[in-house]
Amino acid sequence: MSTIAKKKKAVKMDPTDIVQDLLKKYPTKVARKRAKQIMVNEAEGATTPEMGANVRTIPGIITMRGCTYAGCKGVILGPTRDIVNITHGPIGCGFYSWLTRRNQTHTETDADENFMTYAFSTDMNENDIVFGGEKKLKQAIQEAYELFNPKAIAVFSTCPVGLIGDDVHAVSKEMREKLGINIFGFSCEGYKGVSQSAGHHIANNQIFKHVLGTEGAVKVGEFKINLLGEYNIGGDGFEIDRILDACGITVVSTFSGNSTYEQFATAHNADLNTVMCHRSINYVAEMMETKYGIPWIKVNFIGAEATAKSLRKIAQYFDSPKLTERVEAVIAAEMPDIKTVMDDVRSRTEGKTAMLFVGGSRAHHYQELFNEIGMRTISAGYEFAHRDDYEGRHVIPEIKIDADSRNIEELEVEACTENYNPRKTEEELKKLEEAGFKFKDYAGMIPDMPNKSLVIDDVNQYEAEKLIEIMKPDIFCAGIKEKYSVQKLGIPLKQLHNYDIGGPYAGFKGAINFFRDIDRMINSKVWSYMKAPWQEKPELSATYVWE
Amino acid sequence: MTLLRHTPVEIKERKALSINPAKTCQPVGAMYAALGIHGCLPHSHGSQGCCAYHRSALTKHYKEPVSAATSSFTEGASVFGGQANLLQAINNIFTVYEPDVIAVHTTCLSETIGDDVPQITDKARQEGKIPEGKFVVSASTPSYVGSHVTGFANMVMGTLKGFSEKTGKKNGKVNIIPGFVEPSDMEELKRLATAMGVQTILFPDTSGVLNGPLTGEYKMFPDGGTTVPELRSTGDSIGTLALGEWASAEGAKYLDSTHKVPCKILDLPIGLKATDRFIDALRMITGRHVPDLIAHERGQLVDLISDMHQYFYHKKVALVGDPDQVIALTEFLTSIDMCPVHIVTGTPGKKFEARIKEITKDSPFPVNVKALGDMFLLHQWIKNDPVDLLIGNTYCKYIARDEDIPLIRHGFPIIDRVGHQYFPTVGYKGGLRLLEKILDALLTRIDRDAPEDCFELTY
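Those sequence lines, one after another, are chains U and G.
Numbered per the working numbering, the first sequence spans residues 197 to 743.
Numbered per the working numbering, the second sequence spans residues 526 to 984.
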């Protein structure tokens with residue numbers, strides 16, 4: 197019997213016509229604005245046209261995006277276990293950012309601090325809004341200090357805090373001096389910036405100003421790196437750590453998956469910064485290079501080949517035959533298992549199509565994993581990325597500062613008088629570059645996308661539904677808000693914010709997990725049950741003859 | 526290792542710091558209530574993060590699509606007011622998504638700057654942004670007042686204000702405001718009323734909206750929900766039953782004072798006695814006989830209580846959740862000889878503590894109760910006086926694991942289990958389900974801990 201899954205056929209439409217179809221229902225102004233954020237990829241040979249990104253969402257158009265607070269408190273500081281994070285505001289924001297991102301963390305014993313399971317809030321009431329909440333915030337910090345005796349307390353501003361003029365920085369400073377522990381605040385009100393990206397920036401700036409470089413070296417190792425922009429969703433960071441450890445590479449700090457205060461404070465002791473999520477943290481890598489002389493490279497641990505490539509890149513940087521040998525041994529040991537699963541899964545996924553609308557780097561990185569099982573990405577886009585994440589870093593000087601980005605502080609950084617130490621000489625750098633090694637390089641998503649695929653920034657519910665209707669992907673990747681509306685159409689949705697309950701997907705074991713999960717989702721029997729027999733064949737052509 | 530390892534046994538009073546809340550903010554409740562209107566798109570007037578958080582929270586709980594729009598405030602809108610954003614949003618929503626109704630709720634942001642949503646809605650109407658036959662209703666839901674339950678109550682009230690009419694001709698129906706309960710509960714309440722032969726207008730009604738079928742077709746506006754003609758007609762009903770004082774009383778009182786539709790405020794019909802009162806109220810309002818079917822279901826519940834009571838007697842329970850749920854559960858547990866000893870709601874309300882004390886006054890154990898409390902305090906109480914069972918939302922699993930207590934998930938949000946949206950806990954049938962869950966939790970524990978020598982086949 198035919199199934200719905202088998203019946204559906206993608207409509208053959210020219211990509212330019214698809215774009216017109218997506219736009220036609222919009223009011224004129226909306227259509228004009230959205231047109232700048234939707235592009236048919238013609239990257240091959242031609243120069244990439246400008247991609248509209250990091251611009252305001254349109255009121256009333258159902259966006260996937262979240263806010264600055266979510267980016268700051270939820271994404272960046274969420275995975276750090278030993279800072280007491282106090283949300284200053286009414287209860288909601290603290291509640292929604294409580295354990296909801298699947299950040300995992302590892303401690304050895306109960307003696308290790310872990311506050312990630314707690315939600316701390318000033319729970320502002322009407323009185324606090326009218327008369328100001330600074331007094332309550334001070335009291336809350338005092339109570340947190342007395343109850344938990346943490347090494348650091350961070351304060352996160354919600355929307356009303358900025359409006360009523362509570363000065364979280366002044367309160368933090370006063371309490372820092374009073375209690376003698378590090379206390380710092382974040383002006384991450386939800387309305388600042390156009391997406392959670394602004395919150396990442398605000399968070400990282402404050403960590404850079406208040407924590408990074410404040411403690412001496414602790415971790416010893418011959419090959420010391422920082423891993424920037426890896427948040428240990430579903431245990432990704434654990435898997436990357438496992439691989440790096442097997443290679444003999446020491447991770448001084450991870451920003452910020454499975455991290456601790458001490459990792460941030462000692463991060464300046466690494467000899468190389470490796471950047472996973474370019475969007476959320478590339479500026480930290482830049483600032484650390486200026487201040488401490490640590491070079492940075494882009495890596496990607498999503499995809500087995502990508503992982504191998506990233507490991508080789510790190511080994512090449514350190515220029516040690518011993519390291520290269522060990523890296524090759526690890527890759528050689530891991531690849532056979534992956535190949536077995538990859539080949540098996542590929543026999544059922546080859547030629548299938550995917551759409552990815554998520555994050556600031558994942559919609560790019562995960563195309564690697566789909567490629568490895570023979571799947572094609574027919575449309576993709578980011579939720580909160582900037583132009584450079586689409587077009588590559590060469591466009592950064594061209595990006596215009598607008599009213600929203602002006603809100604985000606740009607730190608002036610100089611070389612640190614004590615700790616500036618260029619890790620490589622000019623000659624060494626030159627030699628590496630001549631050998632094809634690329635520092636601070638990210639070419640963006642677009643060059644890796646197939647020709648004529650659709651690149652769409654900040655895709656919304658209406659466009660997503662249209663795209664599915666026209667292009668009929670075999671799987672759609674987005675977040676929880678999108679999951680069930682897509683699945684009602686009979687198309688599986690893989691959450692790439694929190695991986696549903698899956699993961700890790702990073703590294704070698706992660707690739708295996710991902711292949712198996714995609715196989716399960718695409719090939720599950722459930723998608724064939726949409727119609728009852730009487731709906732499949734509504735005409736009653738015969739009746740039973742009862743004996 | 527423990528998960529909540531920093532929670533001390535010693536309890537110190539906190540004046541400013543809330544830890545592990547037992548509530549969330551108004552707008553999510555308002556969004557949930559608005560989803561119970563047929564053809565409605567909820568709209569969050571604030572920055573887009575609120576809408577994203579609320580949609581996520583509801584989606585994680587119901588595992589269903591939750592559509593809602595936002596005014597996407599920027600810093601400019603936060604300084605100069607959100608009128609332009611809301612006007613644009615209303616126009617875009619009616620053009621692109623074509624709902625019958627937009628239900629706007631405010632946030633702490635728009636409330637702090639003082640946006641007047643009814644005035645902006647009027648302006649939208651004057652400017653022709655609201656098409657003929659379409660509606661915009663609204664509710665003021667500042668996050669810094671009350672809780673998600675308050676937001677639910679305010680949106681119920683705002684919707685009734687926007688729609689209810691009195692034509693002078695009675696419609697012969699009973700309005701039921703079901704409270705902040707599951708879609709399955711709403712469905713069960715309708716089933717019971719139908720069994721009584723009573724015609725009802727149940728609002729909000731999320732059954733068929735947040736427990737919909739998978740058919741290969743996505744309906745942004747599912748078949749369920751209270752329709753606009755029904756909402757209009759609420760002013761002509763013979764009476765209103767408000768289930769749960771915190772979530773439902775305001776709306777019922779509004780219909781009473783504005784349209785002279787008399788109201789009765791009842792507890793949520795969870796458990797034997799509260800369901801008895803609900804059925805009896807339906808009987809008295811409409812003059813209908815209680816059919817044998819309902820008497821039969823009641824009898825089954827009593828039968829099960831008698832079958833199970835040997836396991837329940839004087840077992841201690843800790844309870845946390847919304848006031849309406851917790852009050853009803855406390856009464857039900859007490860009625861089956863269990864002893865709720867630590868009872869917390871995050872929602873404010875002095876009446877809560879008084880009501881719980883009244884229900885538990887004959888308890889053989891001392892009872893701790895707090896409104897505007899949090900789960901940190903509940904956990905400390907449990908450390909000081911351990912319990913046999915914990916009932917609350919998903920977040921309780923951290924306490925349950927650390928203290929090794931069986932947990933029954935009840936309330937909002939439940940984000941680590943699937944299926945609760947299909948099985949009611951209200952009514953006699955809901956009572957059966959609760960009893961089954963309680964006994965299963967207790968006996969699973971006995972099976973786990975029993976030494977091999979006395980591991981039993983039969984209980």
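Read the hints as simulated data drawn from the structure, not as lab findings.
The beta-carbon is built from N, C-alpha and C at its ideal position, and this holds for glycine as well.
Please note: incorrect hints may appear among the correct ones.
Straight-line distance between alpha carbons at most 25 Å, and here's what the computed SDA-like set of lysine to any residue pairs gives [what the hints assert, rightly or not]:
hint: 1; chain 1: G; residue 1: Lys537; chain 2: U; residue 2: Asn323
hint: 2; chain 1: G; residue 1: Lys540; chain 2: U; residue 2: Glu309
hint: 3; chain 1: U; residue 1: Lys721; chain 2: G; residue 2: Gly741
hint: 4; chain 1: G; residue 1: Lys876; chain 2: G; residue 2: Leu897
hint: 5; chain 1: G; residue 1: Lys744; chain 2: U; residue 2: Arg544
hint: 6; chain 1: U; residue 1: Lys334; chain 2: G; residue 2: Glu538
hint: 7; chain 1: G; residue 1: Lys908; chain 2: U; residue 2: Asp278
hint: 8; chain 1: G; residue 1: Lys922; chain 2: U; residue 2: Glu309
hint: 9; chain 1: U; residue 1: Lys347; chain 2: G; residue 2: Lys540
Quick list of simulated restraints, FRET-style, between CB atoms [as the list claims (entries may be wrong)]:
hint: 10; chain 1: U; residue 1: Lys208; chain 2: G; residue 2: Asp748; range: 28 to 38 Å
hint: 11; chain 1: G; residue 1: Phe605; chain 2: U; residue 2: Gly376; range: 51 to 61 Å
hint: 12; chain 1: G; residue 1: Asp941; chain 2: U; residue 2: Ala528; range: 52 to 62 Å
hint: 13; chain 1: G; residue 1: Asp941; chain 2: U; residue 2: Glu630; range: 48 to 58 Å
hint: 14; chain 1: G; residue 1: Arg926; chain 2: U; residue 2: Gly328; range: 53 to 63 Å
hint: 15; chain 1: G; residue 1: Asp941; chain 2: U; residue 2: Ala442; range: 50 to 60 Å
hint: 16; chain 1: U; residue 1: Pro734; chain 2: G; residue 2: Asp748; range: 16 to 26 Å
hint: 17; chain 1: G; residue 1: Glu961; chain 2: U; residue 2: Lys225; range: 13 to 23 Å
hint: 18; chain 1: U; residue 1: Gln216; chain 2: G; residue 2: Asp748; range: 53 to 63 Å
Hint by hint, here is what the structure shows:
1. With a C-alpha separation of about 24 Å, the suggested pairing of lysine 537 of chain G with asparagine 323 of chain U holds against the 25 Å cut-off.
2. Of the supplied pair hints, the one linking lysine 540 of chain G and glutamate 309 of chain U holds, its CA atoms being roughly 24 Å apart against a limit of 25 Å.
3. Between lysine 721 of chain U and glycine 741 of chain G, the direct Cα distance comes to roughly 14 Å. Compliance with the 25 Å bound is thereby established for this hinted pair.
4. Pair hint lysine 876 of chain G plus leucine 897 of chain G holds up; C-alpha atoms about 12 Å apart against a cutoff of 25 Å.
5. Restraint check for lysine 744 of chain G and arginine 544 of chain U: the C-alpha separation of about 31 Å exceeds 25 Å, so the hint is violated.
6. Simply put, lysine 334 of chain U and glutamate 538 of chain G have alpha-carbon atoms about 16 Å apart, close enough for the 25 Å limit, and the pair holds.
7. Under the criterion of a C-alpha separation no larger than 25 Å, the hint pairing lysine 908 of chain G with aspartate 278 of chain U is consistent with the structure, at around 23 Å.
8. Between lysine 922 of chain G and glutamate 309 of chain U the alpha-carbon distance is near 20 Å, which keeps this suggested pair within the 25 Å criterion.
9. For the hint linking lysine 347 of chain U to lysine 540 of chain G, the alpha-carbon distance of about 22 Å falls within 25 Å, and the restraint holds.
10. Roughly 33 Å separates the CB atoms of lysine 208 of chain U and aspartate 748 of chain G, a value that falls within the hinted 28 to 38 Å.
11. Look at phenylalanine 605 of chain G against glycine 376 of chain U: about 42 Å separates their beta carbons, and that is not inside 51 to 61 Å.
12. Judged by the Cβ atoms, the range 52 to 62 Å given for aspartate 941 of chain G and alanine 528 of chain U is violated: they are separated by roughly 40 Å.
13. The hinted range of 48 to 58 Å is satisfied by aspartate 941 of chain G and glutamate 630 of chain U, whose Cβ atoms lie roughly 54 Å apart.
14. Between arginine 926 of chain G and glycine 328 of chain U, the C-beta spacing of about 39 Å breaks the proposed range 53 to 63 Å.
15. The hinted window of 50 to 60 Å between aspartate 941 of chain G and alanine 442 of chain U is violated, with their beta carbons roughly 33 Å apart.
16. As the Cβ distance of proline 734 of chain U to aspartate 748 of chain G is approximately 20 Å, the hint placing it in 16 to 26 Å holds.
17. Checking the proposed 13 to 23 Å range against glutamate 961 of chain G and lysine 225 of chain U shows it is violated: the Cβ atoms sit about 56 Å from each other.
18. Against the hinted window of 53 to 63 Å, the Cβ-Cβ separation of glutamine 216 of chain U and aspartate 748 of chain G comes to about 32 Å, which falls outside the hint.
Hint compliance for this structure: hints 5, 11, 12, 14, 15, 17 and 18 are not met, and every other hint is.
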